[in-house]
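Residues per chain, in single letters:
Number of protein chains: 2
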Amino acid sequence: MKEDSDVLAIACRPMANVSPVTASSLAHQPFPTPSPFSFSVASTGWSSRPSIHYTNLGLRFSVLLFSFVSAISLAIPSKKKNQPSSFTAYPELMYCFTVHILAFLYTSFQLFKGICDIAHRGFLISDMISDYMSFILDQLVGYLLISASSVAIPVILQIEKATPLWTAAIISNTMSFVTFLVIGICTLLSGYKLCKRIIW
Amino acid sequence: MKEDSDVLAIACRPMANVSPVTASSLAHQPFPTPSPFSFSVASTGWSSRPSIHYTNLGLRFSVLLFSFVSAISLAIPSKKKNQPSSFTAYPELMYCFTVHILAFLYTSFQLFKGICDIAHRGFLISDMISDYMSFILDQLVGYLLISASSVAIPVILQIEKATPLWTAAIISNTMSFVTFLVIGICTLLSGYKLCKRIIW
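For the record, the sequence lines run as chains A and B. Quick note, the first sequence lines up with residues 280 to 479 if you use this note's numbering. Quick note, the second sequence lines up with residues 280 to 479 if you use this note's numbering.
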């Protein structure tokens, strides 16, 4: 042990596959490395950004597309023909339409935030609040989508077959289920991000 | 640096609130400590078991109780009176009944596994498979429950009010929603456990 009280000498065996530089930096940093999501734009370039960020953006874009198709396919037949059997006649289909619009708005916000993050980190809200919010809202949107898909099935069985509304409801429900699956993957990703933040 | 190639001397500043012993043990153990869930019964006593384990068991017991009440409240009126308006006449209520029975069976298995774990660790399946399985099946049961609850609401509105089946369906659906909320918390816990296992 040296006399200087500020400097501590530690004797340890060099570990396999760990260079002295790494071991030294480990000794200086006893706490685990921070989450790969909590990096700053200043220190990292475009290419070193984790691919999970882009995967997330891609998934969000799919959700945006699917929920838009799901909502528009319900709305189009009721606009084309002024028949009384538009989707507004069925409260269950109205609920589905509302859920798809909500999913669309939420995903638009998430995409906007994701793009803002690439342009300027932490432009809208802090990372921690964003991680918590994403996880909770992803879960909520997922549950709303599965609920809407389930509610629509008995209605589809009630609607007269081969009518434009019947086709629209089937397309909408299929898209709704696909959106639910993609949102499910988004929830897993945001849950993983949140867990990393809590544990690290 | 000493001459002995097996021993590496590192000079570093002692950190605040970290004793030399801790720093030394950190240098010897560069990887984070293992998950608190991966302990063995041999090394830990009853009192040192993490409280999350008991919370989980308590939640599972609630799910068992609620799903049982939910299923039985649907089944009782149809047994009491041989009226045609039993829940079997409505496919949506049959679906709810099936989901509650599935939730009951799954939770019975989870409770059995939890009690087996207390008696003899790893009696049934390995911890890793159990964590993955619990997370996936919790999610699945949660989605099935919210789907069943949603599907039952339009049917409850169709059923004649103040009949035994109407009351039963309302009790069942309320319990189903409560079960969903508790399963939601179970999913969060099992997701947290799984994340700890993946990250650590």
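Treat the hints as calculated values from the structure; they're not laboratory data. Possibly wrong hints are sitting among the right ones.
Claimed, not checked - The following residues of chain A were derived to be distant from chain B, with all beta-carbon distances above 12 Å: (1) 336; (2) 347; (3) 441; (4) 442; (5) 445; (6) 466; (7) 474.
To be verified - Chain B regions said to be covered by chain A (calculated; three or more residues, Cβ under 8 Å): (8) 387-397; (9) 415-428.
Here the structure is a predicted model, which is why all the values come from computation and not from measurement. Using N, Cα and C, we set each Cβ at its ideal position, and we do this for glycine too.
To see whether the hints hold, each was checked on the structure:
1. 336: holds (22 Å)
2. 347: holds (22 Å)
3. 441: holds (22 Å)
4. 442: Holds: least Cβ distance 20 Å, greater than 12 Å.
5. 445: holds (18 Å)
6. 466: violated (9 Å)
7. 474: At about 3 Å from chain B, residue 474 of chain A fails to clear the 12 Å cut-off, so the statement is violated.
8. 387-397: Since 0 is below three, the answer is violated.
9. 415-428: holds (count 7)
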